[in-house]
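On the provided structure of chain G, position chain D as indicated by the hints.
Those protein sequence lines, which keep their order, are chains G and D. Read in the working numbering, the first sequence has 225 at position 227, and its numbers run on one by one without any break. Read in the working numbering, the second sequence has 228 at position 230, and its numbers run on one by one without any break.
It is worth saying that the hints were derived from the structure and are not from the lab. Fair warning: there could be bad hints in the mix.
Identical copies look the same in the list; a pair holds intra-copy or inter-copy alike.
List time: in silico PhoX-like cross-link candidates among lysine-lysine, alpha-carbon distance up to 20 Å [stated by the list, open to error]: (1) K131 to K278; (2) K131 to K81; (3) K276 to K261; (4) K72 to K134; (5) K314 to K43; (6) K48 to K3.
In this text the structure is predicted, and so the values were computed from the model without any measurement.
2 protein chains.
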Amino acid sequence: MESTKNKYVLVIHGGVGTIIKGNMTTEKEAAYLETLKISLFEGEKILRNKGTAINAIEAAISVMEDSPLFNAGKGSVFTHEGKNEMDASIMDGASLNAGAVASVTHIKNPISAALQVMQHSSHIMLVGDGAEKFAKQQGCELVDTSYFYNEERFQQLKLAQQNNEVMLDHSGENNNLEGNIENSGRKLGTVGAVALDIHGNLAAATSTGGMTNKQFGRIGDTPIIGAGTYANNTTCAVSCTGHGEYFIKNVVAYDISALMEYKQSTLKEAATYVIHKKLKHQNGEGGLIALDKKGNYVMSFNTEGMYRGVVTTDHKPKVEIYK
Amino acid sequence: MESTKNKYVLVIHGGVGTIIKGNMTTEKEAAYLETLKISLFEGEKILRNKGTAINAIEAAISVMEDSPLFNAGKGSVFTHEGKNEMDASIMDGASLNAGAVASVTHIKNPISAALQVMQHSSHIMLVGDGAEKFAKQQGCELVDTSYFYNEERFQQLKLAQQNNEVMLDHSGENNNLEGNIENSGRKLGTVGAVALDIHGNLAAATSTGGMTNKQFGRIGDTPIIGAGTYANNTTCAVSCTGHGEYFIKNVVAYDISALMEYKQSTLKEAATYVIHKKLKHQNGEGGLIALDKKGNYVMSFNTEGMYRGVVTTDHKPKVEIYK
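For reference, chain G alone in the conformation it holds in the complex (with noise of 0.2 Å):
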């Protein structure tokens, strides 16, 4: 068995979709890239220097949640009513402790109230008004409701509503708002990030904006430890991003786990019958990244494109987009 020792990997994803290059502006295309490599920049600094992989995914999650392009944080897209809710959660592979908050409206980094919740609560899943209020409590920054607001968000909402639908992230197949690669694939949200670290353990996170135009309180896989994120040292580090109702009933985080502690298979093996399988059979669009305790990993997805990145110690970050 390869050793692990000094060993650290960091993997992030920034939603799947009908991504074609033939849609996408070069501009918008290095700025997707030059983000992601941001993401692990801030991610690898701190395992570099030994730090957690919990630390290293809050890090490279958060680059995310920044930017305006990912459907999370800042760039978060729109329910029915013209708010931003949203959910996001974390596990830590060694203790399988976890924490996830769920339709949060002011806080600026959802995955750190996810952490804090991990770390500082005997809960692990927080909603709402008290989830807000115990990220505050806890120090998280609440912004302004008016700092997720985002032009290009607001007009995929107001297509969606003219289109009576619900799109899954910055969805665009039934609209003609061009030479915008938020509208003209279909993409579906979510940001994560998955870590090996050098003292051998695993983690995973989860951060997402939702569903444009969704309603009544839809809550998606995201922070739902077993559907969008899971890690556990034994076997894997999971997140996911697609449809999340796909994601939720076939448990999908966690599944990659069990065939993998129950049925012997590789990482690779789990995750192609889990997306390229089970998932595709029912439709059900997306992708996720995975990584195992040797530090192999995985970015698999049965859509056009998956935002994605991965560090390793070899130090050569390496990002991508389409299939």
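Same frame as chain G, but now just chain D:
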């Protein structure tokens, strides 16, 4: 393989805990057993008349929700702020469709709202005001919050607050209210049901009022598909009860299914491993009821007791409380 043609099974639970016979009055014991019987009766009526597993478990759970004895619906415990916040979920093993509501405060029967989400929404999980708005549109009965007021439960809150503790249900290890099973037995709330109908379909559902003195919009495992509830015709139907955080991080309901599917465990082996080894090892108190496609069932718990009952095609309902 034994034929399941025309065979039906309904299993219910009303929560686990250190329910000790010496602490229970004859009247209270009789009241619990009687309500469990009525729950079985209402559910079985549907199964016997060729109804679906889904409708049977909704009916069985509604009886327990309408009783002040169980921590769900009418009998829900109080949050730190003196409110009753309820969660419920339901899953259909034939289609893997599911529905859940969380943090609702006005819905008389949260299990019916979860079923409406499953049948009439493209989403699976709705929370808070949004969930209530949807439930109302679907014709669910909404009631004033005073409907859920219960003096006994309110005293539990006061006591929990004096002791500065969060109680998992009608917990009472550290209290001194006498002659009151609710307060003299540490009990972990939730009601649930699993059924196999004569069409060969499995279904599972769970409903709860959460934890006494819970804060910050805490959500436990009950409304989480994979954690508190799971059903799949190819494996089993499961409803859990206990210390929710342990059930979330161990993805307990789906774990039973995964052990059967990937490791070829029997239902009994899977339940024994998860409840008596995995959870017990972590000091995770709780139990579950589960049913496989052949009609084999388990009622497994690592606490002193679990309110529970079962009825099959032989039409002889059995109800029990203690170990």
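For the identical chains here, do K131 and K81 meet the 20 Å Cα criterion within one copy, between copies, both, or neither?
Classified as both; 19 Å inside a copy, 16 Å across copies.
20 Å Cα cut-off: does K314 pair with K43 within a copy, between copies, both or neither?
within (13 Å within a copy, 65 Å between copies)
For K72 and K134, with the copy left unspecified, which applies at a CA distance of at most 20 Å: within, between, both, or neither?
Within one copy, since 18 Å is at most 20 Å while 33 Å is not.
If the cut is 20 Å between Cα atoms, do K131 and K278 qualify within a copy, between copies, both or neither?
Answer is neither; intra-copy 40 Å and inter-copy 33 Å both fail.
When Cα atoms must be at most 20 Å apart, do K48 and K3 count as within-copy, between-copy, both, or neither?
within (11 Å within a copy, 60 Å between copies)
How would you label the pair K276, K261 (within, between, both, or neither) given a Cα cut-off of 20 Å?
both (16 Å within a copy, 18 Å between copies)
Of the numbered hints stated above, the single one contradicted by the structure is hint 1.
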